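Going line by line, the protein sequences match chains F and R. Note that my numbering gives residue 135 to position 135 of the first sequence, counting from 1, and the numbers run on in steps of one. Note that my numbering gives residue 320 to position 320 of the second sequence, counting from 1, and the numbers run on in steps of one.
I should point out that these hints are in silico values taken from the structure, not numbers from a laboratory. Quick caveat: nothing in here was measured; it's all calculated off a predicted structure. By construction, the Cβ of each residue, glycine as well, lies at the ideal position given by its N, Cα and C atoms. Accuracy of the hints is not assured; some may be wrong.
[Claimed, not checked] Label pairs and their computed distance ranges (CB to CB):
{"no.": "1", "chain 1": "R", "residue 1": "Gly-32", "chain 2": "F", "residue 2": "Leu-46", "range": "27 to 33 Å"}
{"no.": "2", "chain 1": "F", "residue 1": "Gly-32", "chain 2": "R", "residue 2": "Ala-40", "range": "19 to 25 Å"}
{"no.": "3", "chain 1": "R", "residue 1": "Arg-224", "chain 2": "F", "residue 2": "Asp-117", "range": "39 to 45 Å"}
{"no.": "4", "chain 1": "F", "residue 1": "Asp-285", "chain 2": "R", "residue 2": "Ser-109", "range": "26 to 32 Å"}
{"no.": "5", "chain 1": "F", "residue 1": "Pro-348", "chain 2": "R", "residue 2": "Glu-98", "range": "35 to 41 Å"}
{"no.": "6", "chain 1": "F", "residue 1": "Arg-355", "chain 2": "R", "residue 2": "Asp-222", "range": "20 to 26 Å"}
{"no.": "7", "chain 1": "R", "residue 1": "Arg-224", "chain 2": "F", "residue 2": "Thr-254", "range": "34 to 40 Å"}
Number of protein chains: 2
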Amino acid sequence: MASVPAPELGAVLQLLRDGRYRTRAELARTAGLSRSTIAARIDELLRIGLVAPVGGAESTGGRPAAMFALAPGSRVVAGVDLGATHARVAVTDLAGRELAGELELLRISDGPDVVLDHVAALLTQLVADLGRPLGDVVGVGVGLPGPVDHRTGRPTKPPIMPGWDGTDVVGALRHRLGRVAVLVDNDVNLMALGEHATALPELDHLLYVKVATGVGSGIVADGRIHRGAQGSAGDLGHIAVPGADAVPCTCGNTGCLEAIAGGAAVAARLTEQGVPARSTNDVVDLVRQGDLRAAAAVREAGRSIGAVLAGCVSLLNPSAVVVGGSMSRAGEHLIAGIREVVYSRSLPLATQHLRVVTSIAGPRAGVLGGAHAAIEHAFAEPALLVGDDAVTAPGSAAATA
Amino acid sequence: MASVPAPELGAVLQLLRDGRYRTRAELARTAGLSRSTIAARIDELLRIGLVAPVGGAESTGGRPAAMFALAPGSRVVAGVDLGATHARVAVTDLAGRELAGELELLRISDGPDVVLDHVAALLTQLVADLGRPLGDVVGVGVGLPGPVDHRTGRPTKPPIMPGWDGTDVVGALRHRLGRVAVLVDNDVNLMALGEHATALPELDHLLYVKVATGVGSGIVADGRIHRGAQGSAGDLGHIAVPGADAVPCTCGNTGCLEAIAGGAAVAARLTEQGVPARSTNDVVDLVRQGDLRAAAAVREAGRSIGAVLAGCVSLLNPSAVVVGGSMSRAGEHLIAGIREVVYSRSLPLATQHLRVVTSIAGPRAGVLGGAHAAIEHAFAEPALLVGDDAVTAPGSAAATA
Numbered sequence: 001m002a003s004v005p006a007p008e009l010g011a012v013l014q015l016l017r018d019g020r021y022r023t024r025a026e027l028a029r030t031a032g033l034s035r036s037t038i039a040a041r042i043d044e045l046l047r048i049g050l051v052a053p054v055g056g057a058e059s060t061g062g063r064p065a066a067m068f069a070l071a072p073g074s075r076v077v078a079g080v081d082l083g084a085t086h087a088r089v090a091v092t093d094l095a096g097r098e099l100a101g102e103l104e105l106l107r108i109s110d111g112p113d114v115v116l117d118h119v120a121a122l123l124t125q126l127v128a129d130l131g132r133p134l135g136d137v138v139g140v141g142v143g144l145p146g147p148v149d150h151r152t153g154r155p156t157k158p159p160i161m162p163g164w165d166g167t168d169v170v171g172a173l174r175h176r177l178g179r180v181a182v183l184v185d186n187d188v189n190l191m192a193l194g195e196h197a198t199a200l201p202e203l204d205h206l207l208y209v210k211v212a213t214g215v216g217s218g219i220v221a222d223g224r225i226h227r228g229a230q231g232s233a234g235d236l237g238h239i240a241v242p243g244a245d246a247v248p249c250t251c252g253n254t255g256c257l258e259a260i261a262g263g264a265a266v267a268a269r270l271t272e273q274g275v276p277a278r279s280t281n282d283v284v285d286l287v288r289q290g291d292l293r294a295a296a297a298v299r300e301a302g303r304s305i306g307a308v309l310a311g312c313v314s315l316l317n318p319s320a321v322v323v324g325g326s327m328s329r330a331g332e333h334l335i336a337g338i339r340e341v342v343y344s345r346s347l348p349l350a351t352q353h354l355r356v357v358t359s360i361a362g363p364r365a366g367v368l369g370g371a372h373a374a375i376e377h378a379f380a381e382p383a384l385l386v387g388d389d390a391v392t393a394p395g396s397a398a399a400t401a
Numbered sequence: 001m002a003s004v005p006a007p008e009l010g011a012v013l014q015l016l017r018d019g020r021y022r023t024r025a026e027l028a029r030t031a032g033l034s035r036s037t038i039a040a041r042i043d044e045l046l047r048i049g050l051v052a053p054v055g056g057a058e059s060t061g062g063r064p065a066a067m068f069a070l071a072p073g074s075r076v077v078a079g080v081d082l083g084a085t086h087a088r089v090a091v092t093d094l095a096g097r098e099l100a101g102e103l104e105l106l107r108i109s110d111g112p113d114v115v116l117d118h119v120a121a122l123l124t125q126l127v128a129d130l131g132r133p134l135g136d137v138v139g140v141g142v143g144l145p146g147p148v149d150h151r152t153g154r155p156t157k158p159p160i161m162p163g164w165d166g167t168d169v170v171g172a173l174r175h176r177l178g179r180v181a182v183l184v185d186n187d188v189n190l191m192a193l194g195e196h197a198t199a200l201p202e203l204d205h206l207l208y209v210k211v212a213t214g215v216g217s218g219i220v221a222d223g224r225i226h227r228g229a230q231g232s233a234g235d236l237g238h239i240a241v242p243g244a245d246a247v248p249c250t251c252g253n254t255g256c257l258e259a260i261a262g263g264a265a266v267a268a269r270l271t272e273q274g275v276p277a278r279s280t281n282d283v284v285d286l287v288r289q290g291d292l293r294a295a296a297a298v299r300e301a302g303r304s305i306g307a308v309l310a311g312c313v314s315l316l317n318p319s320a321v322v323v324g325g326s327m328s329r330a331g332e333h334l335i336a337g338i339r340e341v342v343y344s345r346s347l348p349l350a351t352q353h354l355r356v357v358t359s360i361a362g363p364r365a366g367v368l369g370g371a372h373a374a375i376e377h378a379f380a381e382p383a384l385l386v387g388d389d390a391v392t393a394p395g396s397a398a399a400t401a
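Bound-form chain F, shown alone (with noise of 0.2 Å):
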């Protein structure tokens, strides 16, 4: 459809990611393309804005050379993470800084007609906001709560998401904003991406784990996330906690992560202990109100979840476990009760240097890993960047036909 944009263009546009300023012999000398193709590249990508021209080199005499930088903010991407109760919505430019972000309030069991209608609304006013047309939106990244066949951006029999099984969601949004590359991913996932993209880049290894109603993972191995055979790594709810009681699980197993230390099992245990608590959020505000025995409540979580992730850490030996979702507001508590058993539980070698933080990305991380998974996705694919205004390789048609 599009016309075939030439393949050094996308090896320079990688080469400038990074912000870097570089003049045209520097980017042929790296590439390892002639001065000349570097040329005529750089002329097509200024053309059409994807590079701007960033003043002159210093030189040791005679004119200094021009110097050229990625622009990001020639183009946007989006991220959505939709969870049980609410939508969010970001848009960043092709750095990844937010340029523009929404929080709304609406039920996943609503149906994927009546979310996506939404969502596409929400983000149609956010680009409309920032004054810019829908065509510079170049992909979206969605996260959705429950499992998902990546390949396909189709949800898989998810729990808590009637109607939406094996809904073609990269279509429907599609057919909602135009043509935009769509990329669908469980929502623990992308926070993982989120978080390591946002705060930690410099950590191949790191373990992202959302706790609120219930308890989940993301895995980052070798700076891509580890999606396993099916897609469902990283589900940790249903792990069985070591030394623990076996409580029943919905699941049918007993001692299950998710029956013990879920923001549902808390709040109910805290009902139970007389302290009436119905959700996360009424167990995270009673944590800040001052309560103790919901503080002691949260750190006992935390020590079951320490508990399970012991084993993770023994296992897959992350830099960092990354404590992210709603529990995670409730200050120190949770954080104490999972640093407590992981370091005395997991082996000297892997805890030795590891990491154990609440999340920096905070609530932001799901959207903002949905961004980043569309900029990755752009910049592998350089024609959604270069767009209609795509430039032909001499006898590239040929080649590709």
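Take the given structure of chain F and dock chain R to it, following the hints.
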């Protein structure tokens, strides 16, 4: 030192690795190279024996086009698997087929000088017995029974390898064997790789579990070994067994998998019960002789291993759990106990397509994994394959200067 082979040589060799016969025209098309470049590279590869002519292609008329294939026997690699009390060495061709192998009993605690002298002598003899010069060996993959810094190949504080901490194993073997690529890794990682490469190449995600005196695992994720941040990934031995008694472990914690289900622990428990056993091998012999208490003890160990693996399966979502190590020779008892708990305790999404199988590569998994690692490395660095007959690309000296 060696001259630089033309970059297209590596591409052509990679293409031919699958063993299929191809014409020059097919190679040119698939590699995206000109017919004349391919013709020149094929002539060079024929001259140094890495490629062989294999008869003509069918043709609709005229002279059939010549076809070529990799000559897998033109070079060899070696795999070395060192255990607490043994050294196993195998020589394979470039397709990973074992040409010669040997098992020798020796103590790793004799230290690197004694052990590596033995290994080098064993390998030299095997290659000589094949009637080949040592120079035909393009790589050696070595597995050590302890933590290894994969980048340097040095063991790091290995508990059962006195005298080996920080040893330059790569340098020591090169000193004995001449200029050859040496790759050193943890033994269980190489077993996982060997099982994957030789028995289950179609599975991108597998967890190989070695059950012997201790318990360890190697993780294959997306077809590659997952090592983690410090290279200690897969270390299952000191994960707490859910539901187990607080059995004290040598590590200072209680309820560790190794203290409950390792071969040494099972032997000790049987001895307490009046069935004398000093080692995993004694336990296996008892089971094979039909001792019911030994069979029950092995099955119970399997259940404990299964309780830990259930969590690993939920976390990693592999396609297969492969059980190897000396305890796996005790027949179906071990794997039956593992299956019992893994299938009832892991998430349905993670177990639906999960296979839990006894190692197919068996005791040779480690040497085959070592050989495979050496082959991968050689194809990634084709200068190793081309050796002193290196074919210099026009202008390549300048390009790499």
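Open item on the list: Output the indices of the hints that this structure fails to meet, ascending.
Closed with: 4
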